[in-house]
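S.K.: Here is how the chains run, residue by residue.
Protein chains: 2
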Amino acid sequence: MNARRQAVRDQILRTAADLFRERGYRASTLDDIARRLGMSKASLYGYFRAKDEMLAAISRETIEGFTRELGLVLRSSLSPEDKLRRVVRQHVRFVIANRSFLTVFFSEEASLPARFARQLAAQKDRYDKGVESIVVEGVRRGVFRDVPPRLVVFGLLGMLNWLYKWYNPAGRWGAEEVSGAFLALVEDGLHRRAPRGQALTGKIRRLKRELQSVERALDA
Amino acid sequence: MNARRQAVRDQILRTAADLFRERGYRASTLDDIARRLGMSKASLYGYFRAKDEMLAAISRETIEGFTRELGLVLRSSLSPEDKLRRVVRQHVRFVIANRSFLTVFFSEEASLPARFARQLAAQKDRYDKGVESIVVEGVRRGVFRDVPPRLVVFGLLGMLNWLYKWYNPAGRWGAEEVSGAFLALVEDGLHRRAPRGQALTGKIRRLKRELQSVERALDA
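Protein chains in written order, with numbering that gives the first Met the number 0: chain Y, 0 to 219; chain F, 0 to 219.
Please keep in mind that the hints were generated in silico from the structure rather than gathered at the bench. A hint or two may mislead.
[Claimed, not checked] Here are the computed lysine-lysine pairs in the DSBU-like style, where the Cα-Cα straight-line distance is at most 30 Å:
{"#": "1", "chain 1": "Y", "residue 1": "K50", "chain 2": "Y", "residue 2": "K123"}
{"#": "2", "chain 1": "F", "residue 1": "K202", "chain 2": "Y", "residue 2": "K164"}
{"#": "3", "chain 1": "F", "residue 1": "K207", "chain 2": "Y", "residue 2": "K123"}
{"#": "4", "chain 1": "Y", "residue 1": "K207", "chain 2": "F", "residue 2": "K164"}
{"#": "5", "chain 1": "Y", "residue 1": "K123", "chain 2": "F", "residue 2": "K123"}
{"#": "6", "chain 1": "F", "residue 1": "K202", "chain 2": "Y", "residue 2": "K202"}
{"#": "7", "chain 1": "F", "residue 1": "K164", "chain 2": "Y", "residue 2": "K50"}
{"#": "8", "chain 1": "F", "residue 1": "K50", "chain 2": "Y", "residue 2": "K164"}
{"#": "9", "chain 1": "F", "residue 1": "K50", "chain 2": "Y", "residue 2": "K50"}
{"#": "10", "chain 1": "Y", "residue 1": "K50", "chain 2": "Y", "residue 2": "K164"}
{"#": "11", "chain 1": "Y", "residue 1": "K164", "chain 2": "F", "residue 2": "K207"}
{"#": "12", "chain 1": "F", "residue 1": "K164", "chain 2": "Y", "residue 2": "K128"}
{"#": "13", "chain 1": "F", "residue 1": "K40", "chain 2": "Y", "residue 2": "K164"}
{"#": "14", "chain 1": "F", "residue 1": "K207", "chain 2": "F", "residue 2": "K164"}
{"#": "15", "chain 1": "Y", "residue 1": "K202", "chain 2": "F", "residue 2": "K207"}
[As the list claims (entries may be wrong)] Reference listing, derived: stretches of chain Y covered by chain F, where coverage requires no fewer than 3 residues with Cβ under 8 Å from a Cβ of chain F:
{"#": "16", "segment": "57 to 64"}
{"#": "17", "segment": "158 to 166"}
[Said to hold, decoys possible] If you anchor each label on the Cβ, the simulated ranges turn out as follows:
{"#": "18", "chain 1": "Y", "residue 1": "S78", "chain 2": "F", "residue 2": "R114", "range": "46 to 56 Å"}
{"#": "19", "chain 1": "Y", "residue 1": "T66", "chain 2": "F", "residue 2": "D127", "range": "38 to 48 Å"}
{"#": "20", "chain 1": "Y", "residue 1": "K207", "chain 2": "F", "residue 2": "H190", "range": "22 to 32 Å"}
{"#": "21", "chain 1": "Y", "residue 1": "R208", "chain 2": "F", "residue 2": "R192", "range": "24 to 34 Å"}
{"#": "22", "chain 1": "Y", "residue 1": "E186", "chain 2": "F", "residue 2": "R48", "range": "20 to 30 Å"}
Glycine included, C-beta positions come from ideal geometry on N, C-alpha and C.
Isolated chain Y, as found in the complex (with noise of 0.2 Å):
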């Protein structure tokens, strides 16, 4: 395909997903969708000859979006911490870059042609498996919790997939500041811990004090 009947199709995904999000996939036409691009149906009909083509091409857009980049991660020679924190980054970013790919994503599995819909929950599933992997090595290598790795899994991915319900562009956090309190959330917990820390140093303080104290009178 070249660049610029590319740059179209990625327009109509986009325009086609924008409606679908704002109306509703089933409630929208390929009139309407045509009628946003100020395009003719006919040439329209040039790229997809139906909504569910659309659809489709939207799904597979988005669980390959976050395959390959999950792929880059998972190559790397990072760390499980650093790994698991570049996959909160990139699918935060992902998912506010694409919000309305999101919304279609995940409302209307149950318009996908069967065969599509089981492909597509066999990726997703090996995603899910990806980052799992990520999770297994860090409490194998003893820097992760010993917290079952799938619930783990489901409950970030539940936090950071949420965010196409709820993300407003236009108000106060951008992506990094999302990702950073999940991830302060996630890597080191609600609970504040300075305390004991704090307390322990406290005590380890007044031990030496004491010991001093006391080699002091032994060598008087």
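Given the coordinates of chain Y, work out where chain F should sit on it, guided by the hints.
M.R.: Only chain F this time, still in chain Y's reference frame:
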């Protein structure tokens, strides 16, 4: 409404929600619902005149269920940590027990009449703010780390709500395992911090031994 009528109404809504989840809201008809219930369409009409009345009732009962449970927690004298723990456990149990309701609740917002949709959005927002008030209280008291409370809530609710997508009642995890894992993740984080605690404890043990030997030397 008498108890028998209430029971029939509940049964109708559960059946409708199951059907909406399986086939999609738009693809389901009143005839399908009556057939699955083994009820005449005339009797069904005695409860609901139209499909969108069912959708509205399902959505209303879902948000009211969440709100009622959260209200009990907010009015309790529990600590912020225990309040949040209670909310997570309740939310997980509620989503698992009402999977069909939740699927309809989260997927069919676009099908609701505009006025009702606005009302529902306001109720959801109150729920979010209620959970947020727990986080804010915990941060103020210094028991929770200072992560933006609104982002904590969106992250946490994403984790919890996403359950409706993946939870399989025939699978290996019950509500307790799921909320246990999510709480472990959100309260203490995935990063193992034991090494630091262990290192400090070891240091204290060595200092104490040193102190004792010096004291014995002094006594001698």
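S.K.: Mind checking the alpha carbons of K164 (chain F) and K50 (chain Y) for me, to see if they're no more than 30 Å apart?
M.R.: holds (25 Å)
S.K.: When you take the CB atoms of R208 (chain Y) and R192 (chain F), is the distance between them in 24 to 34 Å?
M.R.: holds (27 Å)
S.K.: When you check the alpha-carbon spacing of K207 (chain F) and K164 (chain F), does it fall within 30 Å?
M.R.: violated (54 Å)
S.K.: Measuring from beta carbon to beta carbon, are T66 (chain Y) and D127 (chain F) in 38 to 48 Å?
M.R.: violated (32 Å)
S.K.: Hint check: K50 (chain F) vs K164 (chain Y), CA-CA at most 30 Å. Holds or violated?
M.R.: It holds: about 25 Å lies between the C-alpha atoms, which stays within 30 Å.
S.K.: So if I understand the rule, the pair passes when the alpha-carbon distance is 30 Å or less; does K202 (chain F) with K202 (chain Y) pass?
M.R.: holds (10 Å)
S.K.: Take a quick look at whether K40 (chain F) and K164 (chain Y) sit within 30 Å of each other, Cα to Cα.
M.R.: violated (36 Å)
S.K.: So if I understand the rule, the pair passes when the alpha-carbon distance is 30 Å or less; does K164 (chain Y) with K207 (chain F) pass?
M.R.: violated (55 Å)
S.K.: What's the verdict on K207 (chain Y) and K164 (chain F), does the C-alpha distance respect the 30 Å limit or exceed it?
M.R.: Between K207 (chain Y) and K164 (chain F) the Cα gap is close to 55 Å, so the pair fails against 30 Å, i.e. violated.
S.K.: State, for the Cβ atoms of K207 (chain Y) and H190 (chain F), whether the hinted interval 22 to 32 Å holds or is violated.
M.R.: Because 28 Å falls inside the window, the suggested range holds.
S.K.: Count residues of the segment 158 to 166 of chain Y with a Cβ under 8 Å from any Cβ of chain F, then say if the count reaches three.
M.R.: holds (count 7)
S.K.: Regarding the pair K207 (chain F) and K123 (chain Y), is the alpha-carbon distance no greater than 30 Å?
M.R.: violated (55 Å)
Hint check: violations occur at hints 2, 3, 4, 11, 13, 14, 16, 19, 22; the rest are consistent with the structure.
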